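Construct the complete structure from the given sequences, taking the supplied hints into account.
From first to last, the protein sequence lines stand for chains H and X. Quick note on our numbering: the first sequence kicks off at 7 and runs consecutively. Quick note on our numbering: the second sequence kicks off at 7 and runs consecutively.
Worth double-checking, as some hints may not be accurate.
Where chains are identical, the list cannot tell them apart; a pair therefore holds if satisfied intra-copy or between any two copies.
What the hints assert, rightly or not - Straight line, CA to CA, 30 Å or less: simulated DSSO-like cross-link-like pairs of lysine-lysine: (1) K300 to K156; (2) K299 to K25; (3) K182 to K56; (4) K80 to K156; (5) K182 to K43; (6) K56 to K299; (7) K156 to K43; (8) K56 to K304; (9) K56 to K229; (10) K25 to K80; (11) K43 to K80; (12) K271 to K173; (13) K182 to K229; (14) K25 to K156; (15) K304 to K182; (16) K182 to K266; (17) K154 to K80; (18) K266 to K330; (19) K56 to K300; (20) K330 to K25; (21) K25 to K229; (22) K25 to K154; (23) K300 to K173; (24) K56 to K330; (25) K107 to K173.
The set of hints was computed from the structure by calculation and includes no laboratory data. All of these numbers come straight from a predicted model, not from anything done at the bench.
There are 2 protein chains.
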Amino acid sequence: MTENSFALDCPIPFNDYDKVLLAHGGGGTLTQQLIEKIFLPAFGNAPLLKRHDASVMDLPGTRIAMTTDSYVVKPIFFPGGDIGKLAVTGTVNDLAMAGAKPLYLTAGFILEEGFPLDHLWKIVQSMRRSANEAGVYIVTGDTKVVDKGKGDGIFINTSGLGVVEGKVDISPASVKAGDAVILSGDLGRHGIAIMAAREGLEFETTLESDCAFLHEPVLALLKAGVDIHCLRDLTRGGLASAINEIAQAGPHPILLDESKIPITKPVNAACELLGLDPLYVANEGRFALFVPKKEVAKALEILARYPVSAESRVIGNVLEGAGKSVRLKSVTGATRILDLLSGEQLPRIC
Amino acid sequence: MTENSFALDCPIPFNDYDKVLLAHGGGGTLTQQLIEKIFLPAFGNAPLLKRHDASVMDLPGTRIAMTTDSYVVKPIFFPGGDIGKLAVTGTVNDLAMAGAKPLYLTAGFILEEGFPLDHLWKIVQSMRRSANEAGVYIVTGDTKVVDKGKGDGIFINTSGLGVVEGKVDISPASVKAGDAVILSGDLGRHGIAIMAAREGLEFETTLESDCAFLHEPVLALLKAGVDIHCLRDLTRGGLASAINEIAQAGPHPILLDESKIPITKPVNAACELLGLDPLYVANEGRFALFVPKKEVAKALEILARYPVSAESRVIGNVLEGAGKSVRLKSVTGATRILDLLSGEQLPRIC
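See below:
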């Protein structure tokens, strides 16, 4: 679909206002128009359509997970996704990482005066498609408009609520010595797709973001009774940062085997060109899973059923002894510390 | 407390970094430092301290309310509050307006590169004090940093979750002909305080924002069994916009009596000076309540017990007949239509 066909679909007459005005955030008729013509038709569901300041829902359980993320990705449209798809996917995935079945999302938009309404329309449609795909509802929302030069087009906050069944306790504190570290697939495609789009880089093949939902394989693992100790999606800071956060929470060091970590040739080539380490590059459809060794075969068998985790494999394990470090056994056999970055590798990746 | 004493309290050494860097949003050691030194100590509670992407909690019921709001108020510090107090208060109040007991909040920060860390510290402390006062927990959070010139210091999203007891159905659709409209106090102090701070205006007395929690009187009304049809806090767009939104949802017109609507002399004077209509000016501690006539005496008796709603009074009623308009009987006796504003009266008021 071309940009133009989206523009034709948008129900706010672009001849009158084709850009966001400060008044769209003022609580008056233009705010109403934005809600009625763009948000309600796109996200329409019973709680949202009640149009109250808060939406009321019945839950299928009393153990819940909550998460929040703001999305400031630049550019807002990129190969494999856009800020709307990313906002829904990232928040659904954060709920999945707590072992929760995702149910309800909220959407908060901060728009810069002058932002094209057809871009907003396109992004909102993308959020709707993603929410439908994940089976979640966007039950309440909010829009603020800031003056030109005080924002950057569009920022989106999505907060999410899911229900946790049973006595699942997935957290860095549950990790134990001897646990295997499973990685759900190849690394680095989201970060590189964003960088390539931002810098106008051309590679032999177009690299698409790996942006994808992770809740299906996770819920299947839980349903099968796999004893999951920890889960973490590999977003900002990539695999290296996620594993470091987990190592810092627990008493044991973690050892990863570089030769087991899959990185595609185009990602490797782009990383070399850009001077990036793919272990620190953001992913939006990858996770690391910590399970006891005896659960590995069962876990891998289940993960293999889902395209998003079909390439899952063991990439390391939690060591005995004390220490909060992450060590990487390189392809040459030498072992080095894989630290948190102090600086900024890729700003505004999500 | 002066700015300086806050600065001394802030645990991140300002000699190293006294401003937000892009790296504070990069997922590396500076992000960790921000979380460990500022957010966790301030908001510390069991779910948050687990430091997972999503927080897991047990609820005392299965009927819930969810809400979300982004705060972009300018200036971020103003008489009677700041963006942090506003973010907690506004979201707690939105839950109260659905008849929910507020329980859990999420906090999403979008920081502009260069934002002073001591301001962040001050705002986060203010959020903590407000959350303590309301008895809610900030259970999960997120920080993004955007490049200088692509934001405006700090934007905060707070999403909230509360539990609704019983079969309460508070919504514009529940409003009936004959309902009384009760207003909880005087109008316009938040909007005028913001405008005065922004424009450097000096009045005889300093006007403070009315920013305050509304959940206590609302929960007391529900506990006493008052049959609440609708509730709305009078934020962006003020009383006139809130009543219009309710009128548009239902089949009956609403009539308000201007002589019953309390506006203080300083607010009236400031509105005249600034060319504003106080009926459209934002409040952050005021609400309108729709109840059947027979419930009015009981409702007013309960509202009078709480300082925030001690001045509650009936200001109008829902008429018989068809129509979605709001009419105002002025002090001179003439009746006019009170419409939604099409334009922007006060941008970035919340």
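Requested in this report: Taking the numbered hints from earlier one at a time, note which ones the structure violates and give those numbers from smallest to largest.
Outcome: Hints 1, 2, 12 and 21 contradicted; others consistent.
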